[in-house]
Amino acid sequence: GQQVMQIPQYQHVQEGEDFTTYCNSSTTLSNIQWYKQRPGGHPVFLIQLVKSGEVKKQKRLTFQFGEAKKNSSLHITATQTTDVGTYFCAGLESQGNLIFGKGTKLSVKP
Amino acid sequence: DAGVIQSPRHEVTEMGQEVTLRCKPISGHNSLFWYRQTMMRGLELLIYFNNNVPIDDSGMPEDRFSAKMPNASFSTLKIQPSEPRDSAVYFCASSSTFYRGAKLFFGSGTQLSVL
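Chains as they are written, first to last, in this note's numbering: chain D, 1 to 110; chain G, 1001 to 1115.
Be careful, since some hints might not be right.
[Unchecked claim] From chain G, some residues computed to sit far from chain D (all C-beta separations above 10 Å):
#1 V1012
#2 E1018
#3 I1026
#4 D1063
#5 N1071
#6 S1073
#7 T1076
#8 Q1080
#9 P1084
#10 D1086
#11 R1100
#12 S1108
[As the list claims (entries may be wrong)] A short, non-exhaustive set of chain G residues, derived as facing chain D with CB atoms under 10 Å:
#13 A1002
#14 V1004
#15 S1007
#16 L1046
#17 V1053
#18 P1061
#19 F1065
#20 F1074
#21 V1089
#22 G1109
[What the hints assert, rightly or not] Straight-line alpha carbon distances no greater than 20 Å define the calculated SDA-like cross-link-like pairs of lysine to any residue that follow:
#23 D/K56 with G/A1102
#24 D/K51 with G/L1045
#25 G/K1024 with D/E54
#26 D/K102 with G/M1040
#27 D/K105 with G/M1040
#28 D/K57 with D/E67
#29 D/K36 with G/S1108
#30 D/K57 with D/N31
#31 D/K102 with G/P1070
#32 D/K102 with G/K1024
#33 G/K1103 with D/S107
#34 D/K105 with G/E1018
#35 D/K105 with G/A1102
In short, the hints are calculated from the structure, not lab data. From a predicted model like this one, the values you see are computed outputs, not experimental measurements. Using N, Cα and C, we set each Cβ at its ideal position, and we do this for glycine too.
Bound conformation, chain D alone (with noise of 0.2 Å):
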């Protein structure tokens, strides 16, 4: 079935240093959204991109969406011990299907 790749499933960086996560699709998005989770905790929606090639930024985070609609990523500029969780990419796909990645996994060493 309809799957969406996120890459990569961890990334380890010191606290200061950037850090991205990509999300792939094979077929042509509808939209996409971002969505993080503390250890232990539960999703929650960050942001979400709907036109080709769109730019959000919230703070130190940067989201984009591709221009073909098949892809995305989230870029964070000088990581903290906050940033620390799992995030998740959610693309909806055309026959209306929500596919989550496997989420990237970010630790944050001080």
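Got chain D; can you put chain G on it based on the hints?
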């Protein structure tokens, strides 16, 4: 706003026992979703409801799983009989529209362990 409320937070049971997970969506939300999260398979959609009506249950693993939504403020997910491979975190989520691409609000989840 209280958010999506799930109970219990943790459930430990023995294989063969019946397990019932409960969810109260955010008031006014008309779509409700049950997800299962495991390390191997990630977040999987089990079933979702619009206005209390089950719309898509294709993600329900097998007949041992059933879900109901008797009214707009309550839903249950039942596993009978439970098996060790059902061990996972079960999340309930709700959204304010029928649009499948709408923002999801997740509950805190139920950590289920079947021994």
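Numbered hints the structure breaks, given as an ascending list: Hint check: 11, 12, 13, 15, 16, 17, 18, 19, 20, 24, 25, 31, 32, 33, 34 and 35 fail, others pass.
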